[in-house]
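**Q** Using my numbering, the letters of the sequence shown map in sequence onto residues 3 to 864.
Because the hints were derived from the structure by calculation, they are not lab data.
Computed from a prediction, not measured in an experiment: that's the story for all the values here.
One should not assume that every hint holds.
Think about it this way: if two alpha-carbon atoms lie no more than 20 Å apart in a straight line, the pair counts; the simulated SDA-like pairs of lysine to any residue are [stated by the list, open to error]:
hint: 1; residue 1: K259; residue 2: A308
hint: 2; residue 1: K778; residue 2: L753
hint: 3; residue 1: K266; residue 2: T164
hint: 4; residue 1: K247; residue 2: A236
hint: 5; residue 1: K301; residue 2: E340
hint: 6; residue 1: K266; residue 2: F127
hint: 7; residue 1: K399; residue 2: I421
hint: 8; residue 1: K233; residue 2: E248
hint: 9; residue 1: K526; residue 2: L664
hint: 10; residue 1: K387; residue 2: K399
hint: 11; residue 1: K748; residue 2: A788
hint: 12; residue 1: K233; residue 2: F172
hint: 13; residue 1: K375; residue 2: E452
hint: 14; residue 1: K477; residue 2: S299
hint: 15; residue 1: K778; residue 2: N764
hint: 16; residue 1: K748; residue 2: A789
hint: 17; residue 1: K693; residue 2: R519
hint: 18; residue 1: K91; residue 2: S63
hint: 19; residue 1: K748; residue 2: E680
hint: 20; residue 1: K477; residue 2: K748
hint: 21; residue 1: K778; residue 2: A510
Simulated restraints, written as ranges between beta carbons of each label pair [as the list claims (entries may be wrong)]:
hint: 22; residue 1: L776; residue 2: Q536; range: 18 to 28 Å
hint: 23; residue 1: Q444; residue 2: L418; range: 21 to 31 Å
hint: 24; residue 1: Q537; residue 2: E331; range: 54 to 64 Å
hint: 25; residue 1: D383; residue 2: T276; range: 40 to 50 Å
hint: 26; residue 1: R613; residue 2: S187; range: 17 to 27 Å
Every residue gets a Cβ at the ideal spot worked out from N, C-alpha and C, and that includes glycine.
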Amino acid sequence: MTRPLSRVSPFGEASSFAALTSRQDSDRPRTARPATTATSIASQDIICAITETVLCQICDSQTYAKTVTKIAVFEPTEILFMSSAKESKLFYIIQENIPDTTYTFLDRRFWSEKVGHEYVDRLAFPQDVETIKLTLGGNYFASCCLAAVLKYIELELDRVFTSHSLRIRFEPSQDSMSIDLSTISSLELIQNLQNAKSKDSLFGLLNETLTPMGARLLRANILQPCTENSKLLARYDAVEDLSTKEDMFISVRQALKGFIDADKVLTSLILAPTKHTFQYVEQSVNNVIMLKTYVSSIKSIYKALATAQSSLLMTIRELCAPAGHRAIEQLVEETLNEHVTYQTKPLDLRNQRIYCVRAGVNSLLDVARQTYKEANVDAADLVAKLSESHNLNLDLKFDSARQYYISVPASEVETLPEIFINIYRRKNRIECQTLDLVKLNQKIIDAHNEVINMSDQTIQSLINDVCSEISVLFKVSEAIAMLDMLGAFAELATCNEYIRPELTDVLAIKSGRHPIREKIHMKKFIPNDAYATQQSRFQIITGSNMSGKSTYIRSVALMTIMAQIGCFVPAEYASFPVIRQLFARVSTSDDLEANVSTFAAEMREMAFILRNIERRSMVIVDELGRGTSTTDGLAIAIAIAEALIESRALVWFVTHFRDLALILAERSGVVSLHLAAEISPDISRMVMLYKIAEGPDTTQFYGLAVAKLVNLPPGVLECAQAVSEKLNNIAQRRHSKSKALMLSRKRNLLLSLREQLLQARNGTLEGDALRGWLKKLQDNFVLRMAALEEETAEMSDEVDNDSGTVPADVAQDSLEHLPSQDCAEGASGAEPQTAILISSSSRESVTDPSSREMSHDESPAD
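Using the sequences and the hints given, assemble the complete structure.
**A** Written out as structure tokens, the structure is:
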């Protein structure tokens, strides 16, 4: 793997960056510092990401998983480290997990808590200073990082922030769901794994935003879903308000289309270079023009939300009220030409800069403008005369590099007259200039520069006045970003029939749909239900290949994320508990760069999950243990499943190990489900139902049915089917039902009934609806209990000498009845099959000594 450039000095430029330090650095100089309020014994790492100056202090584990995830959310181009951290574990972990990033090391003296507090006093919004200082009082490392980052900006990037103009916010790490990088990638939250340009990802699906601020907020929310019920309920109310009021929704979406990137504009205004250059002066004019466009767009949002009733939309409307930014709007109106607007074409933008400042402010400025205007008229007249004198169809064009140039159709002339210079031939046109036009270009440039320089004093005065009130504009920008994201959610809810989720202690989804797959398979997608409580927290999902198991568990995870960012979900009904950690073990490819096999990658990811899982976590696991031998894979799957059950987290565990469901059936909290498929008796036809159903999968020979789809040689398939049938017969004879297992299943059924009755008591159903639901619950309970009683009775009548162990003579008899000719044609020989049959019976004898003893009493006929 190619490593990004790391360096100590000199500093390097970057457009955004994050600063980190670790309290584990043993060689850090001894300096007095107050004790942090963090209580964890784990290491503490701090990220300062300069976009809106977000400070975060994290109590992390030795794997630094939370730190790495937080950095990934901000996507920094440069990360600052303390110089003593070069050999630290933190540095190597970040270097491995955050690629394409520059690492810069700063001396310890730049990481000063005192300097950090001084920066807060000088740069933070006046109304926020005391609150921020109070917060940073118990977060020593965050203060140090703030000092290092701002000092780096001053000394190396030659930029300073205007006084009291910087947004500074402390972000507690516990207020959002934690999603590790592997889960972000495997669930395709931001980017499609097959095609990076595809919109088939969760972000691509949800990104119906119309502003850059809204898109950034949406991305941050997907990577850090909210865990505060009050915020989520407010977002649900707002989305419902927008989606049910068509006129307001259309007005809001129309108003948002006119917004520029407000965050970028405001940051440009408050961040000034230490040295005044002409480029900065010119860009300042562009910035105030964009500021005027931004301020004038706010009114339309205020009007569009006139009928809003949700508290969040009403708050956004209040922030956009004319009274809030009237002082800034008046400053802009008094200084700038009322007709000036931001343009993207080079010539239009240059003209807007020239006429940006109102006429009459400076008499010399008006003279310079007149010179500029006359030079432009002269250029147009020159081209008109050339066109007439040479009888050519000449057009006057402009670009930033050449300024004015002449364009002529290539079909009109083979050789241009000698007066034309700087000739450049394109496919259908010839571009050129004349000496007189070059001179006029220089005259226009001089006049333009003179106008810009004369406008500078007025422009800088306006910027200084605006910066004193800029906190209002930043809050408006945040409000518009939130409104844009909510508008995108309302668009999705309206167009895709999403429903409002509920926040409860139970995960219950009726007719849920995979949001991304649904978009791809519009009419063919089959919805499914999901239900999980503490009594059904570990769900084993079995089923044939291609039956939809992976899609099912992914849909649950994606809908959970959607619910916790405030979005409606694709279902007929949905309720979710608030999840604080989401883990996904679904990747199946080898990590070639790290020289790690599929199985090793599985174990590494599962080890990470087991170290970090807690009760409020959600885990989806797809076919664990298939990268090694069947015996070892099943053993590891059972051991990991036991640990996941003990964690009390919500787990969906997809597996092809059918024995896993039988072994764990007696455990409290375990349920077995399957994705059904229909296979014809001769295995010639297989129909996927894609519907979740109770109980383990009992479909036989589904692997052979799938193999037939790829046209394996008939001899191979016939041999495989014969072997599979014999092995199934042996397995059925080995299997003995346990009375203890029956009792455990009855106990679980009773516990499930108790939990459902408690939910009914605390739920919202009343009257006939409640009576109907209870009657259905009663009937279902009676049927399931009767089935268990019947199984218990059958078990009591079984012949005691049927131990289920397969003696050697039975194994040999099974082998003799195999179609040897087909096996010879479809396989390499009979010896491997003999080994399979004997090892199957031997393994059972070793694991069940009592069965071995009983098998000696069996007659050859058995």
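**Q** State for each hint whether it applies.
**A** For each hint, the structure was consulted:
1. K259 / A308: holds (18 Å)
2. K778 / L753: Since the Cα atoms of K778 and L753 sit roughly 17 Å apart, the hinted pair holds (cutoff 20 Å).
3. K266 / T164: Distance ~15 Å between K266 and T164 Cα, so the pair holds.
4. K247 / A236: Roughly 17 Å between the alpha carbons, so the hint for K247 and A236 holds.
5. K301 / E340: Roughly 16 Å between the alpha carbons, so the hint for K301 and E340 holds.
6. K266 / F127: holds (18 Å)
7. K399 / I421: Holds, at about 18 Å.
8. K233 / E248: violated (24 Å)
9. K526 / L664: This hinted pair is violated, its Cα atoms lying about 33 Å apart.
10. K387 / K399: Since the Cα atoms of K387 and K399 sit roughly 16 Å apart, the hinted pair holds (cutoff 20 Å).
11. K748 / A788: The hint holds at about 10 Å.
12. K233 / F172: Holds, at roughly 17 Å.
13. K375 / E452: holds (13 Å)
14. K477 / S299: Distance ~15 Å between K477 and S299 Cα, so the pair holds.
15. K778 / N764: holds (18 Å)
16. K748 / A789: Satisfied, since the Cα-Cα distance of roughly 10 Å is no more than 20 Å.
17. K693 / R519: Since the Cα atoms of K693 and R519 sit roughly 15 Å apart, the hinted pair holds (cutoff 20 Å).
18. K91 / S63: holds (12 Å)
19. K748 / E680: Given that 20 Å is the threshold and the Cα spacing comes to 29 Å, the pair is violated.
20. K477 / K748: violated (58 Å)
21. K778 / A510: Holds: K778 and A510 sit about 17 Å apart, inside 20 Å.
22. L776 / Q536: 18 to 28 Å: Cβ of L776 to Cβ of Q536: about 21 Å, so the range 18 to 28 Å holds.
23. Q444 / L418: 21 to 31 Å: About 22 Å separates the Cβ atoms of Q444 and L418, which means 21 to 31 Å holds.
24. Q537 / E331: 54 to 64 Å: holds (59 Å)
25. D383 / T276: 40 to 50 Å: Since D383 and T276 have Cβ atoms about 44 Å apart, the given range 40 to 50 Å holds.
26. R613 / S187: 17 to 27 Å: Check passed, 19 Å falls within 17 to 27 Å.
Of the hints listed earlier, those the structure fails to meet are numbers 8, 9, 19 and 20, in rising order.
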